[in-house]
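Whole structure, please, built from the sequences with the hints as guidance.
There are 2 protein chains.
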Amino acid sequence: MKVRVTVMLKDGVLDPQGKAVEHALHVLDFKNVGDVRIGRVIDLELSESDPARAIVQANEMARALLANLVIEDFAAEVVEE
Amino acid sequence: MKVRVTVMLKDGVLDPQGKAVEHALHVLDFKNVGDVRIGRVIDLELSESDPARAIVQANEMARALLANLVIEDFAAEVVEE
Numbered sequence: 031m032k033v034r035v036t037v038m039l040k041d042g043v044l045d046p047q048g049k050a051v052e053h054a055l056h057v058l059d060f061k062n063v064g065d066v067r068i069g070r071v072i073d074l075e076l077s078e079s080d081p082a083r084a085i086v087q088a089n090e091m092a093r094a095l096l097a098n099l100v101i102e103d104f105a106a107e108v109v110e111e
Numbered sequence: 031m032k033v034r035v036t037v038m039l040k041d042g043v044l045d046p047q048g049k050a051v052e053h054a055l056h057v058l059d060f061k062n063v064g065d066v067r068i069g070r071v072i073d074l075e076l077s078e079s080d081p082a083r084a085i086v087q088a089n090e091m092a093r094a095l096l097a098n099l100v101i102e103d104f105a106a107e108v109v110e111e
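These protein sequence lines map, in sequence, to chains F and H. FYI, in our numbering the residues of the first sequence are 31 to 111. FYI, in our numbering the residues of the second sequence are 31 to 111.
No lab work stands behind these hints, which were simulated from the structure alone. None of the values given here were measured: they were computed from a predicted structure. Please note: incorrect hints may appear among the correct ones.
A pair counts as met if it fits within one copy or between any two copies, since identical chains are not told apart.
[To be verified] Derived pair list, reagent style EDC-like, types lysine to aspartate or glutamate, alpha-carbon separation capped at 16 Å:
1) Lys49 x Glu107
2) Lys61 x Asp45
3) Lys40 x Asp73
4) Lys49 x Glu75
5) Lys61 x Glu110
As structure tokens, this is what we get:
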């Protein structure tokens, strides 16, 4: 089962990478872009058949390693049974 | 309208960062993790009210700047009206 963990900076935490992309998009003439925030996704292939248990495990992994909970939020979802 | 662009390495392209995370998860005793792939998400705030047009614009931005089409695939989806 494939589980996707999405990690984003918390609201209010400055995102310099997002600001740089926002600026670059404006330079490229994409004028209707406002705020840009950048995060990461971690796709985990788990040997687990129960979706609920897979999510629980992915959450544990996120808390232990994948996300920095001081400045980041995360969410896990099953993307492929 | 908020559009999320997800950029992942194409299948078959080596993902050393994913391999490192996979190894770290095994060290942390998460034994049922198989393949790990890492990508990024770009959340764009667009001043656009039509979801279809917003997706078209996000795709253009992905092709112009956000993704490296030689080694990466991307997908855009509306996450907030």
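Comparing the hints with the structure gives:
no., hint, result
1, Lys49 x Glu107, "neither (27 Å within a copy, 21 Å between copies)"
2, Lys61 x Asp45, "neither (20 Å within a copy, 33 Å between copies)"
3, Lys40 x Asp73, "between (20 Å within a copy, 13 Å between copies)"
4, Lys49 x Glu75, "between (32 Å within a copy, 12 Å between copies)"
5, Lys61 x Glu110, "neither (36 Å within a copy, 20 Å between copies)"
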